[in-house]
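*Asks:* Listed below are the residues making up each chain.
Protein chains: 2
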Amino acid sequence: MLVNGKRSNSISIRDRGLLYGDGVFRTLRVFEHRAQLWPLHYQKLHHDCTALGITCPDFTLLSGELDSLLGQHPAAVMKLIVTRGEGARGYAPTRSAPPTHLWDIAPLPDYPDDYAACGIKVQVCRLRLGQQPRLAGIKHLNRLENVLAAAECNDAGMAEGLLLDTQNNVIEGTRSNLFLVSQGELVTPDLSNCGVAGVQRDRVMTWASRQNRPVQVREVKLEEVMHADELFLLNSIISLWPIRELEQRRWAAFPVATQIRQALLEE
Amino acid sequence: MLVNGKRSNSISIRDRGLLYGDGVFRTLRVFEHRAQLWPLHYQKLHHDCTALGITCPDFTLLSGELDSLLGQHPAAVMKLIVTRGEGARGYAPTRSAPPTHLWDIAPLPDYPDDYAACGIKVQVCRLRLGQQPRLAGIKHLNRLENVLAAAECNDAGMAEGLLLDTQNNVIEGTRSNLFLVSQGELVTPDLSNCGVAGVQRDRVMTWASRQNRPVQVREVKLEEVMHADELFLLNSIISLWPIRELEQRRWAAFPVATQIRQALLEE
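Residue numbers (our numbering), protein chains in the order written: chain B, 1396 to 1662; chain X, 1396 to 1662.
For reference, chain B alone in the conformation it holds in the complex (with noise of 0.2 Å):
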């Protein structure tokens, strides 16, 4: 583990990543001593950072860092957390703090393989995302409802579960984003009032533009995800994962899902 640059696994107690979650974050696989998806990751987190109104340390500077843990990790999950770093007692940010940026390294999840070949089983969640436009799409520290929707899933020995909003539309789930083939159409939700915007839905939608098939991006109610031809879910570390059961309705095929997994794999 590295904060701010040196050996450690522990940081101050007056950290605003601790006090408020006022920070961001990434998570990337490791395999072959190689960080997938670096520099879309970085991307992102310089995207987040400065939504939020935080100093991004420097690509160069992360990517020296990172390249230092690859040597002893060749396959691992690695986290990086920027936060605002400490600053004065209350809520508001004092411009003079240095952020605090830190790795930490996992062992890669043992997914069962038929994840991603037949499909996982599938939850509505019960809690429903509030909508904060001023935060959506940001991989922000603030996670609380992912933590109350993943103990429900967990609870229901789910692999995973669908988060609707306050207004009903499906959004996501619990740590991955999800796409649609309905009617024969790519759908991905609107993430305009909340959920986060990840770097494989991103890729999924690069992709699909570049087929001529471009992603629709909008408002999905719950109906048409239970009448859609396909569903699948994606994150870094699972990659691309269909639905197979989702409360009373079940998939068999996933030609569309397999087709991208396969495409994402060989980019």
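One thing to keep in mind: the hints can contain errors.
Looking from chain X toward chain B, a few residues come up when the C-beta cut is under 10 Å (computed) [as the list claims (entries may be wrong)]:
1. R1409
2. D1417
3. Q1431
By construction, these hints were calculated from the structure, which means they are not laboratory data.
Built from N, CA and C at the ideal position, the CB exists for glycine as well.
For chain B, the structure is supplied; the task is to place chain X on it using the hints.
*Replies:* For chain X alone, kept in the frame of chain B given last:
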């Protein structure tokens, strides 16, 4: 500073308080070696921990730690944080992990005397609070909305700002609860969808009901606020500040606020 009962000023970078804002906190005013309203704060802490499924540390344990700090700190702000602790990677809480609890100490802020006597100038923040009934009322560590709102106030040179929610209900200050004297009645916004239900808000309600003058807890719109006889804000550090100026409106006298402030001081 104490972390889990030991002198320390740092916590693990794997603490869920940092990773997800997965915890709650209290801010105590210490004066003349006494932590004001400690039993009420503990009640709230326990309530908030329970709402998130975090095991709240024992009253006796925390009181003992607090006593050990009060000896050296006759006048201070003491912050108590309880997080869900470390646990495995991922949003879902693991039952086995013990919670983290920690104390931090800061000097009492040096607010101008006339804030309490003559009132403060307040603006309406541009940021709107998202509605999340599952987290409403809880003093949890997901405080990015407060950070962004406080930054607005700071930039505008305001001592506080009023927060509305996405449905344009008036909810609270960025770090305080709001009361109105509206057509002669005491009113405070309903916090079922967002906001933090503070100790001083409860105290005003208890005091008022003892006076046979119960507080109306209900939806409040900005128009009612602008036409109120009096407005005042409370938290455990500032106690009570009347509002003397809000956007185009001025208030010159605060008889009810002054009476309540006095009553709270004497209790």
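*Asks:* Close enough to count: is the Cβ of X:D1417 nearer than 10 Å to one in chain B?
*Replies:* Nearest chain B Cβ about 5 Å off; hint holds.
*Asks:* Given X:Q1431 was flagged as interface, is its beta-carbon under 10 Å from a beta-carbon of chain B?
*Replies:* violated (17 Å)
*Asks:* Double-check X:R1409 for me: the hint is only fine if its C-beta lies closer than 10 Å to a C-beta in chain B.
*Replies:* holds (7 Å)
Taken one by one, the earlier hints fail for this structure only at number 3.
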